[in-house]
Amino acid sequence: MPPKTVTTTEPRPGAGGQNSSTREMFYNEALNEALRLEMERDERVIVIGEDIAEHGGAFQVTAGLLDRFGPTRIRQTPISEIGIVGAAVGAALTGLRPVVELMYVDFSGLAMDQIVNQAAQNRFMFGGQARVPMVLRTQGGSGRGNAAQHSKSLEAWFAHVAGLKLVMPATPADAKGLLTAAIRDDNPVIFLEHKLLYRTKGAVPDGEHVVPLGQADVKREGTDLTIVTWSREVLFALEAAAALAEQSIAAEVVDVRTLVPLDKAAILASVRKTHRVLVVHEAIKRAGYGAEIAAMIAEEAFDELDAPPKRLAGLDTPIPYAQHLEKSVVPQAGDIVAAAKELVG
Amino acid sequence: MTIDRATALELYRVMRTIRSFEERSTQLFGENKIWGTIHSYAGEEAIAAGVCAHLRDDDWITSTHRGHGHCIAKGADLGKMFAELLGRETGYCRGRGGSMHIADTSKGNLGANGIVGGGIPIATGAALTAQQLGTDQVAVSFFGDGAANQGTFHESLNLAAIWKLPVIYVCENNQYAESLPVKRAFAVEDIAVRASGYGMPGVRVDGRDVRKVHEAAGEAVGRARSGKGPTLLVADSYRHEGHYYGDPRKYQSKDEIEGWRKRFDPIADARAWIVADRLAGEADLEAIDRGVAQEIGRAVAWAEQGPPASPIRLPEDVYAT
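These protein sequence lines are chains A and B, in that order.
Take 55 as the starting number for the first sequence in our numbering and just add one per residue.
Take -6 as the starting number for the second sequence in our numbering and just add one per residue.
Rather than coming from a laboratory, the hints here were simulated on the basis of the structure.
You can take every hint at face value.
If you want the ones that stay clear, here's a sample from chain B, every Cβ over 10 Å from chain A, calculated:
1. Ile(-4)
2. Asn25
3. Phe179
4. Asp202
5. Arg218
6. Ile250
7. Asp277
Estimated spans, in silico, between C-beta atoms of each pair:
8. Glu353/A to Pro174/B: 50 to 56 Å
9. Ala304/A to Leu126/B: 50 to 56 Å
10. Arg95/A to Gln20/B: 51 to 57 Å
Computed from a prediction, not measured in an experiment: that's the story for all the values here.
Even for Gly, the Cβ is constructed at its ideal location relative to N, Cα and C.
Construct all of the structure, not just a fragment, from the sequences and the given hints.
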């Protein structure tokens, strides 16, 4: 784990928290708590994946759950990605609510048929006869020197498949609330965590905490431009917004949280306020999800814009290994500051 | 194991129904009433009939692109099946699935599947549900020889074996994976030997003889239902038609096709032994044939009266609410 810990902003009142009391916890602890609470609430919820039992998961999201729920509900598997995901699809079709842990999103290619051709489409293909209430948790992103096969940001793959929902929480509170909502959803939900967020800390509401899917969150208010982003780039955007404030530029940071369904209304409301928009993501720019958001804004709020929607995203390369190279291909806070100034200037 | 009269006649009726369904579907396709593609199960009827005879409505199956037979043997409504092929709102999938995606969840049919080997892990997951919830339900995955070379086959058999899941893997070896003969797809002569690599029984059975399929499936289902774990059942078979309707079959000789079609007919065989064993007479079987023909006729008529599938709610049908 990287030693650096980051404290994120506390959830604003009314931002989905049902409880007034909060505790500081890490993002992976918040996910763990959501799993534990949902497994206590509903015995049909099981977790299935590699290294999730004694080891507690590659990023310690399932730590302690084996002792609490036993090996049939914390179902550790051999390294068989399509077998795992397919078994979850079958289990979901027949009455369980499985939560799959795929260790890296880069491994999803091994399971893609079951995700795309089966889980996503069963309900539609069967004329509404089926429900596939499963969550596929995995993590992506760069920043740990894991190089090209363990560092990608692949949300655009999943966003392009009809039938999937797609969630990418940035803060511990959202991680808990969105995972809870995802587990309770009757559709297949792709839940993408970021490997560098696991050891970030924030205030998390105690007890039941549900953040409904499809609701963006304004993480910082501003009037000069809107930064639309998600996952780890939210933290960079907040850092950039603080720096911009010192230069008298008020950036609003909209964390979309759920890419599918997308909270278009929240994005458009912000654009109508600021009239300038910068979409930021870590994934490579070409055919990235930022293009979808920029196009949506251009289609639906063109007259509100004082400048073309701007995208700041990863370079169109695989993620390189060396630390300085790795940083050079994904947007950092300084890059966001520069892009914002260009847009406002 | 001897088969009683009622069971014999029911197996015969199911096989006859499947064959007649395929004959009528082929005819409808030729009349341009069916869109897309269909894959005939003719010749393989003894497998679906013999296996599904042991299943309850709450047991699950996963099927294949060649799925009409499994669907019928699991108790589907023929009218809704034809309506689906004809693209009607009254079809099983309201025209959204077609032949390759017919499902009937009310009878435990988790769907035909257009992806070779796609249903194998899904049946494994259904068996996981049964084990997790402590029921005595079982799951059956039907798939072809082609699917036995997909990764899903290997990953799923291993998972089922280590967890002792109540699942039966039924490999229908119809001699061809699309156009590839099994001899060129396997270095082993008997696909069932693969089971030992996963630590489960592997049983090879003559897929032409519904009695043998019925007996072997009975043992496998009994094992699964009593918590003894999975079985790989490999049924040697032959598909009378090409891979799909209109397949030019350049990979087969005319002699082979005609010879096998005559020699390998589970329905003719069943008639012969039912009469020879004095379980029923020719007149009884002809009465079943007439009944099936009437049922097919009624089903097609009902299907053709159904309204075309409506496009209005397509976007709303993607997600459950």
